[in-house]
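A.B. asks: Going line by line, the protein sequences match chains H and D. Terminal number for the first sequence in my numbering: 968, no gaps in between. Terminal number for the second sequence in my numbering: 968, no gaps in between.
Treat the hints with care, since some could be wrong.
Note that identical chains are pooled: a pair holds if it fits in a single copy or bridges any two copies.
To be verified - Here are the computed lysine to aspartate or glutamate pairs in the DMTMM-like style, where the Cα-Cα straight-line distance is at most 20 Å:
| id | residue 1 | residue 2 |
| --- | --- | --- |
| 1 | K943 | E896 |
| 2 | K799 | D922 |
| 3 | K584 | E794 |
| 4 | K745 | E883 |
| 5 | K850 | D566 |
| 6 | K799 | E776 |
| 7 | K740 | D548 |
| 8 | K797 | E847 |
| 9 | K917 | E794 |
| 10 | K584 | D548 |
| 11 | K745 | D548 |
| 12 | K740 | D541 |
| 13 | K943 | E551 |
| 14 | K940 | E960 |
In short, the hints are calculated from the structure, not lab data.
Protein chains: 2
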Amino acid sequence: MTSPVDIIQRKRDGGEHSAVELAGFIRAFMDGEVADYQMSAWLMAALLKGLSLSETLALTDALLDSGKRLDLTPLGRRVVDKHSTGGVGDKVTMVLGPLVASSGAVFGKMSGRGLGHTGGTIDKLESIPGFRTSLSAEDFVGQLGETGICVAGQSADLVPADNRLYALRDVTATVESNPLIAASIISKKLAGGASAVVLDVKVGKGSFFKTMGHAQGVAHLMRAVGERRGITVEAIMTSMEQPLGHAVGNALEVLEAVETLKGKGPSDLVEVVLALGTRLLVLSDLGWEAPQAEAEARRALANGSALAKFREWIKVQGGDVSFIDDPAALPVASTEIEIQASSQGWIEAIDARVVGRAAVELGAGRQRQEDSIDHSVGVRLKLKKGDPVMPGQVLASVYATEKSKGQKAAGMIQAAYGISRSRVEPAPVLLLE
Amino acid sequence: MTSPVDIIQRKRDGGEHSAVELAGFIRAFMDGEVADYQMSAWLMAALLKGLSLSETLALTDALLDSGKRLDLTPLGRRVVDKHSTGGVGDKVTMVLGPLVASSGAVFGKMSGRGLGHTGGTIDKLESIPGFRTSLSAEDFVGQLGETGICVAGQSADLVPADNRLYALRDVTATVESNPLIAASIISKKLAGGASAVVLDVKVGKGSFFKTMGHAQGVAHLMRAVGERRGITVEAIMTSMEQPLGHAVGNALEVLEAVETLKGKGPSDLVEVVLALGTRLLVLSDLGWEAPQAEAEARRALANGSALAKFREWIKVQGGDVSFIDDPAALPVASTEIEIQASSQGWIEAIDARVVGRAAVELGAGRQRQEDSIDHSVGVRLKLKKGDPVMPGQVLASVYATEKSKGQKAAGMIQAAYGISRSRVEPAPVLLLE
Chain H
536 MTSPVDIIQR
546 KRDGGEHSAV
556 ELAGFIRAFM
566 DGEVADYQMS
576 AWLMAALLKG
586 LSLSETLALT
596 DALLDSGKRL
606 DLTPLGRRVV
616 DKHSTGGVGD
626 KVTMVLGPLV
636 ASSGAVFGKM
646 SGRGLGHTGG
656 TIDKLESIPG
666 FRTSLSAEDF
676 VGQLGETGIC
686 VAGQSADLVP
696 ADNRLYALRD
706 VTATVESNPL
716 IAASIISKKL
726 AGGASAVVLD
736 VKVGKGSFFK
746 TMGHAQGVAH
756 LMRAVGERRG
766 ITVEAIMTSM
776 EQPLGHAVGN
786 ALEVLEAVET
796 LKGKGPSDLV
806 EVVLALGTRL
816 LVLSDLGWEA
826 PQAEAEARRA
836 LANGSALAKF
846 REWIKVQGGD
856 VSFIDDPAAL
866 PVASTEIEIQ
876 ASSQGWIEAI
886 DARVVGRAAV
896 ELGAGRQRQE
906 DSIDHSVGVR
916 LKLKKGDPVM
926 PGQVLASVYA
936 TEKSKGQKAA
946 GMIQAAYGIS
956 RSRVEPAPVL
966 LLE
Chain D
536 MTSPVDIIQR
546 KRDGGEHSAV
556 ELAGFIRAFM
566 DGEVADYQMS
576 AWLMAALLKG
586 LSLSETLALT
596 DALLDSGKRL
606 DLTPLGRRVV
616 DKHSTGGVGD
626 KVTMVLGPLV
636 ASSGAVFGKM
646 SGRGLGHTGG
656 TIDKLESIPG
666 FRTSLSAEDF
676 VGQLGETGIC
686 VAGQSADLVP
696 ADNRLYALRD
706 VTATVESNPL
716 IAASIISKKL
726 AGGASAVVLD
736 VKVGKGSFFK
746 TMGHAQGVAH
756 LMRAVGERRG
766 ITVEAIMTSM
776 EQPLGHAVGN
786 ALEVLEAVET
796 LKGKGPSDLV
806 EVVLALGTRL
816 LVLSDLGWEA
826 PQAEAEARRA
836 LANGSALAKF
846 REWIKVQGGD
856 VSFIDDPAAL
866 PVASTEIEIQ
876 ASSQGWIEAI
886 DARVVGRAAV
896 ELGAGRQRQE
906 DSIDHSVGVR
916 LKLKKGDPVM
926 PGQVLASVYA
936 TEKSKGQKAA
946 GMIQAAYGIS
956 RSRVEPAPVL
966 LLE
């Protein structure tokens, strides 16, 4: 094998790796022959010098080959999946999954935990007493066959190289690279066995991707990589200028998902769910074109069938479903601090990154990978961009377990809100379908 | 302190660090709060995005502040030092040091070990039975006062941060950065206490610096950094297109140094020694201008006083000096393999990097830091660039302890030689004084 130093040097100097070289490098990393400090130097060189499409494909293959691959062919169905690039208040999966499953599609997803200022679906689902997120491959496939939906934590024996790489990228400022992002996501999706995946690429302050151009670039790359490896990848771009919906925090978001399944969800969340749901139903094996798919998605949300599927899903994964009818069954932290507006006008902005960091400060997310999570804490945004506001009106509430953390988070939320004296239009959430 | 990830990200995105930030980063690295994998990611970002002069100065200061600093003021003399950027067959220090000391200057040098394809003076000196390279600060200063010359290994309590950084750079392809090189070298020189240093910047295939422009860039930067920290830094550029002199390997190079001190040295080595010696004598406190300094240097080499100083120096550092009169007292590996020319013409090139690697292959250098060295092995180049050659004529001899390694090295040396059918001029060694 080429020596690690020579491989790092090649990328540093703008050269291109062969597929064999990259595969050997990742294998040597997993075998302990390439040290973390060598991999992180390579990651930085790759971020700054870029990876070609061939290199991105080779890296995807190398990550995939580091572990097992779920075989979903026994189901005899196309399994659809959804991936969000990470947002604040993003409880989409908990609504979308039951919606498409209740329409007859099969929705199977391996999901991640939150890190940084963005939450993770697995952490949110673990707010529900009894809910199991750690499933064997057999249970995953079996549940998909019976219920049409399964959402489980990423299994450690799938793409272990990506797990290690991701942990390293997170602490070495090497996350924001389109090729590294594409290889990481697509390798995970390939390992998970889905036939099609729709990406929800978040754009804006609260996201990795600050501009549409950047988001489109990564979406295009993931589509290209997926296509060449036999998985259909589509993408929609949604705004992460402000958090999605009103709730940020694990139990709070589960409760907002239930409200949405009951037809009382915030409009931005509903819009994103319907846009993704339409795509997933089209990409499934139901034989529907977009107009029918959209009508079916709307109907499933309106007529309670998505809610019924949610109940079935939570129950089959061991969760206590009493919170569906009685929200008080999910504990929410008792110290509530209200944040009030100090001036009159219109809400101009709610910095999603700051809101996400406030939630982490409260204990809703992790500062370090080994931190535990307080599912009961979070933030409820009462007003969103474009809403008129009066002095003294409540902008948001913070729910804290420790008062001092609550006060700190409240200050952050206050700072996250911008109020304009002149009228502001509500912000569209769908940027590009 | 700014978080390590934020610091890495700032450099990754082309930003500039404050002196306080860089100092904190290096301190946190030494305290174990910044991991090796984070430092290597920063090093790669710094290599690719560059460091400003202020950042280079701040890094130099941070490295210097990580350890002790030798105080040479009790000597009441200007101490001069020399630094080579690393070459093949570079035994200059062993001739130059005694030469300037015999002329009345004080020559004090902390020297490194070889790594990669280039040798280190300390390894070469350790070919001499009994010679001590590990000296206390008191011994170093005391010997300088008595003998006017001391060459010791880099003490572990001087610039420990540079030692750790250098080890990391070596295995992460982050050596070749002018600011990182400048901060590393100048911080070491400041810690060593010299008043002036002359750099021998090697240029060409066998060096880090492939072009004059690159070499001049790093020389200019080191002069600027030195100037702002109160040390005079000058530089000459010498060719490393082919190895310096004829001998490559530890004991072989010591013997060639002795030959040179006896007035029978190879012309390229003598030229480099005289050029550096002239500069060092001018920068010393003898009050000489360049013409007098050059005359004194030539005289010291011609009249045996440099050789006498060499004998005194080796003896005072504990070395057995019998090899000075009897070369056989330094063991040279007994398996000699001659490499013969296969065609007629003129020597067009001797790839110094390949010769250096052949020497490492024989055991004269280290593949890894923990490797031990075989002082007896090496290569003697009989012909150099511009020499006419006949088929069957001996180009070089390899001296090996293990025959298989010798054969491999012989093949490499054969490949390192290029023979031209048309006349080739000898290569100048002094590129820019």
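A.B. asks: Using 20 Å as the alpha-carbon threshold, which applies to K584 and D548: within, between, both, or neither?
C.D. replies: both (8 Å within a copy, 13 Å between copies)
A.B. asks: One pair to classify: K943 and E551, alpha carbons no more than 20 Å apart. Within, between, both, or neither?
C.D. replies: neither (48 Å within a copy, 30 Å between copies)
A.B. asks: At most 20 Å between CA atoms: does that hold for K799 and E776 within a copy, between copies, both, or neither?
C.D. replies: Classified as neither; 23 Å inside a copy, 77 Å across copies.
A.B. asks: If the cut is 20 Å between Cα atoms, do K745 and E883 qualify within a copy, between copies, both or neither?
C.D. replies: within (18 Å within a copy, 56 Å between copies)
A.B. asks: State whether the alpha carbon distance between K745 and D548 is at most 20 Å within one copy, between copies, both, or neither.
C.D. replies: between (28 Å within a copy, 14 Å between copies)
A.B. asks: First find the shortest C-alpha distance between K940 and E960 inside one copy, then the shortest across copies, and answer within, between, both or neither for a cut-off of 20 Å.
C.D. replies: neither (33 Å within a copy, 77 Å between copies)
A.B. asks: Should K850 paired with D566 be assigned to within, between, both, or neither, using CA atoms and 20 Å as the limit?
C.D. replies: Close neither inside one copy (41 Å) nor across copies (50 Å); limit 20 Å.
A.B. asks: Check K740 against D548 for me: Cα-Cα at most 20 Å, and say if that holds within a copy, between copies, both or neither.
C.D. replies: between (32 Å within a copy, 17 Å between copies)
A.B. asks: From the Cα coordinates, with 20 Å as the cut-off, is the pair K799 and D922 best called within, between, both, or neither?
C.D. replies: within (18 Å within a copy, 91 Å between copies)
A.B. asks: For the identical chains here, do K943 and E896 meet the 20 Å Cα criterion within one copy, between copies, both, or neither?
C.D. replies: within (8 Å within a copy, 62 Å between copies)
A.B. asks: Checking K797 and E847: alpha-carbon separation at most 20 Å within a copy, between copies, both or neither?
C.D. replies: within (15 Å within a copy, 94 Å between copies)
A.B. asks: Is it within, between, both, or neither for K917 and E794, if the alpha carbons may be no more than 20 Å apart?
C.D. replies: within (15 Å within a copy, 87 Å between copies)
Violated hints, in rising order: 3, 5, 6, 13, 14; the structure is consistent with all others.
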